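Protein sequences, first through last, are from chains A and B. The numbers in the numbering used here rise by one with no breaks, and the one at position 311 of the first sequence is 311. The numbers in the numbering used here rise by one with no breaks, and the one at position 201 of the second sequence is 201.
If you're looking for bench data, these hints aren't it; they were derived computationally from the structure. In this text the structure is predicted, and so the values were computed from the model without any measurement. We put the CB at the ideal spot given by N, CA and C, even for glycine. It is possible that part of the hints are untrue.
Stated by the list, open to error - No more than 25 Å apart at the CA atoms, straight line, and that leaves these computed lysine-lysine pairs for BS3-like:
1) K665(A) to K180(B)
2) K33(B) to K566(A)
3) K63(B) to K566(A)
4) K191(A) to K167(A)
5) K167(A) to K192(A)
6) K586(A) to K646(A)
7) K263(A) to K341(A)
8) K377(A) to K344(A)
9) K239(A) to K162(A)
As the list claims (entries may be wrong) - Computed beta-carbon distance windows for the label pairs:
10) P41(B) to F456(A): 56 to 62 Å
11) Y46(B) to K341(A): 27 to 33 Å
12) N484(A) to K36(B): 33 to 39 Å
13) G92(B) to I631(A): 52 to 58 Å
14) K293(A) to K36(B): 50 to 56 Å
15) F456(A) to K204(B): 49 to 55 Å
16) D478(A) to D205(B): 44 to 50 Å
Take a look at the letters that make up each chain.
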Amino acid sequence: MFLNRIIIPVALLFTSVAFSQEEVQQIDSIKNNKLDEVIVTATRTVRQLSSVPMPVTLISKKQIQQSGSVRLSDILIEQTGITTASDFGGFNGVQMQGLDAEYTLILIDGVPLVGKRSGNIDLDRISVNNIKQIEIVKGPSSSLYGSDAIGGVINIITEKPKHDVLKGGLQFLARGGAKNELDMNANLVYKKDKLGINAGINTNSSAGFDLSPQTSFKTTNGHENFTGNFKVLYDFTDKLKTTVSTRFFEENQGNLTEQNNQKDWSVNVDFNHKISDKWNLDYTFYATDFKTKSETDVEVSTFNQTLIRPEIRSQFAIGKLNAIVGVGASFEEVDRSDFLKKEKFDSQYVFGQLDYNPTSKLNVIIGARFDNHSQYKSAFSPKISTRYAVNNWLAAKASVGYGFKAPDFRQLYFNFRNTASGYVVFGIKTLHELYGNLPEVQQFDTDLNPENSIGFNLGFELKPISNLAININVFRNDIEDLINTFDTQINPLNFNLPAGTRVFTYENRDRVYTQGIELDANYIIDDNFRFIAGYQFLEAKDKEEEALINSNQIFIRRTPTSPSEKLTIDNYFGLPNRSKHMANAKLYYQNFEHRFTANLRAIYRSKYALYDTNNSQGIIDEYDDFVSGNITLNTAIEKKLFSLLKVQFGVDNLLDEKGESNATKQAFLNNDAALQLGRTYYGRIQFNF
Amino acid sequence: MKKIILTLAVVSSMIFTSCSEDDTTVTEAVVFKEVKNLHAPQTTDYTVNPPATAGEFTKFSFKTGAVVTDDSWDLAFRGTTILVNGGVEVGGLVDEPTRSGDASLALETGTFADISIAPVAANFKQDVAGSYALASGSGSGWYTYAGAPTHAINPIAGKIIVVKTIDGNYAKMEILSYYKDQDATSDSRYYTFNYVYNPNVGDKDFQ
Chain A
1 MFLNRIIIPV ALLFTSVAFS QEEVQQIDSI KNNKLDEVIV TATRTVRQLS
51 SVPMPVTLIS KKQIQQSGSV RLSDILIEQT GITTASDFGG FNGVQMQGLD
101 AEYTLILIDG VPLVGKRSGN IDLDRISVNN IKQIEIVKGP SSSLYGSDAI
151 GGVINIITEK PKHDVLKGGL QFLARGGAKN ELDMNANLVY KKDKLGINAG
201 INTNSSAGFD LSPQTSFKTT NGHENFTGNF KVLYDFTDKL KTTVSTRFFE
251 ENQGNLTEQN NQKDWSVNVD FNHKISDKWN LDYTFYATDF KTKSETDVEV
301 STFNQTLIRP EIRSQFAIGK LNAIVGVGAS FEEVDRSDFL KKEKFDSQYV
351 FGQLDYNPTS KLNVIIGARF DNHSQYKSAF SPKISTRYAV NNWLAAKASV
401 GYGFKAPDFR QLYFNFRNTA SGYVVFGIKT LHELYGNLPE VQQFDTDLNP
451 ENSIGFNLGF ELKPISNLAI NINVFRNDIE DLINTFDTQI NPLNFNLPAG
501 TRVFTYENRD RVYTQGIELD ANYIIDDNFR FIAGYQFLEA KDKEEEALIN
551 SNQIFIRRTP TSPSEKLTID NYFGLPNRSK HMANAKLYYQ NFEHRFTANL
601 RAIYRSKYAL YDTNNSQGII DEYDDFVSGN ITLNTAIEKK LFSLLKVQFG
651 VDNLLDEKGE SNATKQAFLN NDAALQLGRT YYGRIQFNF
Chain B
1 MKKIILTLAV VSSMIFTSCS EDDTTVTEAV VFKEVKNLHA PQTTDYTVNP
51 PATAGEFTKF SFKTGAVVTD DSWDLAFRGT TILVNGGVEV GGLVDEPTRS
101 GDASLALETG TFADISIAPV AANFKQDVAG SYALASGSGS GWYTYAGAPT
151 HAINPIAGKI IVVKTIDGNY AKMEILSYYK DQDATSDSRY YTFNYVYNPN
201 VGDKDFQ
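All chains should be modelled from the sequences, with the hints used to inform the complete structure.
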């Protein structure tokens, strides 16, 4: 069916590329990669990775390929301080600096992905095919990017040919074991004179998997998806260049009783006008749409979100000062089941940033952004970052910035009625629109504040010897005005709802903090071996919960039916899904003579809670049941054959760590979230020219 | 030496006087008891929307410390719902018993031992039309509902129900389990709870 539609164009592309082979030198040395390490996400200007005053992680295409990664989550989970967690919708989202997925902004070539249906952007939506690199900036970045950039920004950079080139590739990956998967790619990058093209398609399918076969539902249902990217670059003159990028994604996932369809597309048009060597302008127009449809025998629910964002940026240099200013607007619409009507958000924003190098050793960046919004209170987000190179082996960097997250459409417009289960949830606007005449409703605010944070990062870069680099970063994020649901306690008869129905709405209440330390080491042992290791210590706690515990309001049971006892602050664990310790260690081997590479990657996370299991009002303490700490060991070997072919074989979760001991805990009975996917094997054939 | 003897004499006379004061008011000691597996069944018809729940409430009297079938009940249990024999019918419930008494209850926070005296009158509530004295629903009353896949009902730690009975006596109770023999894998709707009942009318002391 839909795979057929894909295979034919793949075949066509294959035949066309087969005839247009051209010798392109492939250089595989580490040194060469080093020179190329520039990033754009931290400052929205091209900067050398090593000079950026914020904590940054760069994932190269080479690393993605060597790790056998297929979807974005595969590679992110192997990075220091990053893990993933599922939301209510089962979508896998990223956790960074101890913050949930909704507080990390995900961009593709600088423009945001939309589609947080129940909190998370689904990381499995994004194929790593056609990616040049992934740039991760940790800490608040709302001063440049606006909403959602509290924990940081993940920017997926796709390839943009700069010089005349014709290259392409075909790739086929098949996986078996605990889960099966098929992933196919075809890519073409072309540039000649004024015209450049980057095209890619990817299909990914799996029959899904079931971690607890004794339950009637599968952990993950089977799926088929298709991603298409097409980018055209055209240089009108040396000074006026344009890039038009489009992306399309469609996925069908389901079983016999439930079918889910997701579709998203986007188009981004950029005109870059170089007025002089020191002044250039970017005009961008971005439009995207994300749609889902879930069908069961009894109901169909839909979700449709559209975002249109024009933006103008200007960048200029005056002496030691590099400045960027931007102005833009967002027009956003969401139409979904459980809303009264189609809802609209309009916002306008302006931002500016000064990047100043008073001496060759000191760099200071000051930036700020103002977001004005039609449906919630406005946000002002300043940030200051600085880096000082003490000497040639030590640099210190520090940054402090504001971050914010706009209330989402649900929190404002939900009209969700589950009277059969005895509850309804109203967005704050819907509550006032429907029942604003009730005095009990009038006591609630008609507006929500954006959730907002202050984040601090203090880091050191050390290069004690030429082949060893160490990065240390200490962070703290204080987030306020977190939006929670709460029981209004209003008599349901006032809403014409059945007796006993509970009416929920949203409020700004919680205050949380996350803090920790992150260590990264990169050691080039010799020409063949390279060792990378990372560690994060994390504390993520709720200040309201701490206050409740300190005022002796929280009680626990040591066993499910033992009498209540007071919880002391020493036994408070913090937020769910957070591991205190996370670590990774990766060994890469490269053999130039026989042209093969091999690697072994270990990822560890210490115990974490899923939820409160001993009825202490949702608070997680040391007496709760935890998902035990675990190690995932992955390995891959890749061999280059002839000049065009690469063959890879890999094993993920080599130790077959499934977390089965967790399933024996009463609280986690039949809960797939406490289990891990077992061992899988994959083989990949890559044909590059 | 004389001083010490004098002090001892004063102290002992104080003790004796206070003892004799106690002897004048006859108070009965509080009763501590554990109730195991109080069965509170219900039936639910899922063929209609919203599903209709029915069944006789299981009525409990603190005075007798047992299940009763007449009007002498203080609390009535069915599924996770707990009614108090005071106020008026909540309404919308099938088989809801009429309120014959003037009992009320307060949901207090603390350990069972810490709640040593009944709270002020303002904390006590009765059932009213549309709303329970003991709030129903996960997290707002005495229990939480874990949802899929365990669907477990667990009593919230530190929630103590203080009851002013139909006779004006005070009792405090802590629900420990909603499952038969306190085994979460066993049948539900079996209450196990500890209670302390003060047999002296109007006496708020639980010690």
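Consistency of the hints with the structure:
Straight-line distance between C-alpha atoms of K665(A) and K180(B) comes to about 19 Å, which keeps the hinted pair within the 25 Å bound. Taken as a hint, the K33(B) and K566(A) pair is honoured in the structure, with Cα atoms around 22 Å apart against an allowance of 25 Å. Distance restraint check for K63(B) and K566(A): the Cα-Cα separation of roughly 30 Å exceeds the 25 Å cut-off, and the hinted pair is therefore not satisfied. The straight-line distance between the Cα atoms of K191(A) and K167(A) is roughly 9 Å, inside the 25 Å bound, and the hint therefore holds.
Of the supplied pair hints, the one linking K167(A) and K192(A) holds, its CA atoms being roughly 12 Å apart against a limit of 25 Å. Between K586(A) and K646(A) the alpha-carbon distance is near 22 Å, which keeps this suggested pair within the 25 Å criterion. Pair hint K263(A) plus K341(A) holds up; C-alpha atoms about 21 Å apart against a cutoff of 25 Å. Annotation: proposed proximity of K377(A) to K344(A) holds, straight-line Cα distance about 15 Å (limit 25 Å).
Restraint check for K239(A) and K162(A): the C-alpha separation of about 14 Å stays at or below 25 Å, so the hint holds. For the hinted restraint 56 to 62 Å between P41(B) and F456(A), the CB-CB distance of approximately 57 Å keeps it satisfied. In this structure the supplied range 27 to 33 Å holds for Y46(B) paired with K341(A), their Cβ-Cβ distance being about 32 Å. For N484(A) and K36(B), the hinted distance range of 33 to 39 Å is satisfied, since their beta carbons lie about 37 Å from each other.
Distance hint check: the CB atoms of G92(B) and I631(A) are about 54 Å apart, consistent with the given range 52 to 58 Å. The beta-carbon spacing between K293(A) and K36(B), approximately 51 Å, falls within the hinted interval of 50 to 56 Å. Roughly 52 Å separates the CB atoms of F456(A) and K204(B), a value that falls within the hinted 49 to 55 Å. The hinted window of 44 to 50 Å between D478(A) and D205(B) holds, with their beta carbons roughly 46 Å apart.
In summary, the one numbered hint that this structure violates is 3.
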